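J.: Position chain B against the provided structure of chain A, taking the given hints into account.
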Amino acid sequence: MIPNQSTAPVPLPHTEPVQREITRLCIETGLMLLQHGAESALVESVTRRLGLALGVRSVEVAIMANALTVTTLSEDHCITTVRRNEDRGINMHMVTEVQRAMLAVEAGELDRTGFRTRIESIKPERYPRWVVALMIGLSCACFARLAQMSLPATEDRSWDWFGLGLTFAASSTAMLVRQWFAARHFNPLVNFFASAFVATSIAGQGVIYKLGLHPKIAMASCVLLLVPGFPMINSISDMVKGYINTGLSRGMMAVLLGSATSAGIILAMTVWNVWGWL
Amino acid sequence: MNILIQFLQNMALAAVPAVGFGLVFNVPRSALVYCAAGGAIGRGLRFLLITAGMPIELATFVAASVVSLLGVYIAQRLRAHPKVFTVAAMIPMIPGVPFFTALLAVVEIQRRGLTPELLNTAITSGLRAMFIVAALAVGLALPGLLFYRRKPVV
Numbered sequence: 001m002i003p004n005q006s007t008a009p010v011p012l013p014h015t016e017p018v019q020r021e022i023t024r025l026c027i028e029t030g031l032m033l034l035q036h037g038a039e040s041a042l043v044e045s046v047t048r049r050l051g052l053a054l055g056v057r058s059v060e061v062a063i064m065a066n067a068l069t070v071t072t073l074s075e076d077h078c079i080t081t082v083r084r085n086e087d088r089g090i091n092m093h094m095v096t097e098v099q100r101a102m103l104a105v106e107a108g109e110l111d112r113t114g115f116r117t118r119i120e121s122i123k124p125e126r127y128p129r130w131v132v133a134l135m136i137g138l139s140c141a142c143f144a145r146l147a148q149m150s151l152p153a154t155e156d157r158s159w160d161w162f163g164l165g166l167t168f169a170a171s172s173t174a175m176l177v178r179q180w181f182a183a184r185h186f187n188p189l190v191n192f193f194a195s196a197f198v199a200t201s202i203a204g205q206g207v208i209y210k211l212g213l214h215p216k217i218a219m220a221s222c223v224l225l226l227v228p229g230f231p232m233i234n235s236i237s238d239m240v241k242g243y244i245n246t247g248l249s250r251g252m253m254a255v256l257l258g259s260a261t262s263a264g265i266i267l268a269m270t271v272w273n274v275w276g277w278l
Numbered sequence: 001m002n003i004l005i006q007f008l009q010n011m012a013l014a015a016v017p018a019v020g021f022g023l024v025f026n027v028p029r030s031a032l033v034y035c036a037a038g039g040a041i042g043r044g045l046r047f048l049l050i051t052a053g054m055p056i057e058l059a060t061f062v063a064a065s066v067v068s069l070l071g072v073y074i075a076q077r078l079r080a081h082p083k084v085f086t087v088a089a090m091i092p093m094i095p096g097v098p099f100f101t102a103l104l105a106v107v108e109i110q111r112r113g114l115t116p117e118l119l120n121t122a123i124t125s126g127l128r129a130m131f132i133v134a135a136l137a138v139g140l141a142l143p144g145l146l147f148y149r150r151k152p153v154v
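Each protein sequence line maps, in turn, to chains A and B.
Taking the numbering used here, the leading residue of the first sequence gets 1, the next gets one more, and so forth.
Taking the numbering used here, the leading residue of the second sequence gets 1, the next gets one more, and so forth.
Honestly, the hints are just simulated from the structure, not real lab data.
Since the structure is predicted, the reported quantities are computational estimates derived from the model, not experimental observations.
A portion of the hints provided could be inaccurate.
[Said to hold, decoys possible] Chain A is faced by these chain B residues, among others (derived, beta-carbon under 8 Å):
no., residue
1, F25
2, N26
3, P28
4, A80
5, V84
6, I91
7, A105
8, E108
9, L136
Ideal Cβ placement from N, Cα and C applies to all residues, glycine included.
Just chain A, same shape as in the assembly:
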């Protein structure tokens, strides 16, 4: 467990404007991490270490599902501030850059103004959309092949190239749909519903026309790009590390995203009248 109270060895006296600026830097840093999918323990430790490195006596962080609170203590004065947290999508590039900036402050390479310029210059870089869509198509095809390999010995376990190709087509298209909806700031639940519908509609054609050896595997694998793996793992690790609150809300979000995906799958199976899952 991370200790609740941390104290810097030699606290320097700060005037109020300076402490205010440090508090703002702390909460902006914590918020950037929280918005881009860092787990609660990392948000808290980076925020606290930054504050202590910038010279306040202690930093207290309270993380909620959609807000962040930071209090800094310097001499005998507290400053508390709250920011609303909106999810900006998982971005490990941002998390890495913010943490490296904090490490630079700890190493004494950056001061307050230097740190501010550095975090303001970090841009949320994204990979080209078509590269991501192609790689996700390949990924789901690999999942399909792994599923073919683990079939019972009575089934044909050889390479079903047609099924793999169908999975690739269905999940790449679904990824393009997902990116299209995400770029237009749709609610993620709507996004996952629509993407699951598109993926299942394409892969379902394999079952209708009896293409390939195992068309049902294609149907199951093509929606695996919509499994909320990151929120699921973050949810459990938050709860293991004592952040039950954020853990529960992340876990619930993962279940909701899964339910939206299932609704999309059910709609597609009803429209095309193919029952590939159960």
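T.: Below, chain B alone, put in the same frame as chain A:
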């Protein structure tokens, strides 16, 4: 099929989704190779352990722990939190099909009424998904729980 060929195939097939989801999570370019390696090691190790007769949850836990311990070493050289690349490496072991099967079975219970088969599918798939995800998450948290109790990894 020969176990060795299956093992190598498992590793190669797991490396691709680890990188693919690494791109979705915007893992920095320099860390993508560790996603691939972690995915291959994790899935390959889990395959060997399951073949040796270990139950899947335990095998997943051991595989995730090994990847995360290796991840600590890499993270310190890369100056980035290990979760930056180890979560993407866990994606090939995420139980996506049981997760959706459980949710779809719940929808079917609502549509067609409760049957023992559907209830069985819903509960067994749901529990399987939950236990495997818990094994992955606790395995990833293991270095922090055992060795880095009062100090940060990076």
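J.: Next, verify each hint and record whether it holds.
T.: Here's how the hints hold up against the structure:
1. F25: 5 Å, holds
2. N26: At about 4 Å, which falls below the 8 Å cut-off, the nearest Cβ of chain A leaves the hint on N26 of chain B intact, so it holds.
3. P28: For P28 of chain B, the interface hint holds, since the closest Cβ of chain A sits about 5 Å away, which is under 8 Å.
4. A80: 4 Å, holds
5. V84: Check passed: Cβ of V84 of chain B comes within 5 Å of chain A, closer than 8 Å.
6. I91: Hint on I91 of chain B: holds, closest Cβ of chain A at ~5 Å, below 8 Å.
7. A105: 6 Å, holds
8. E108: Holds: closest Cβ of chain A sits about 6 Å from E108 of chain B, inside 8 Å.
9. L136: 6 Å, holds
Violated hints for the displayed structure: none, as all numbered hints are satisfied.
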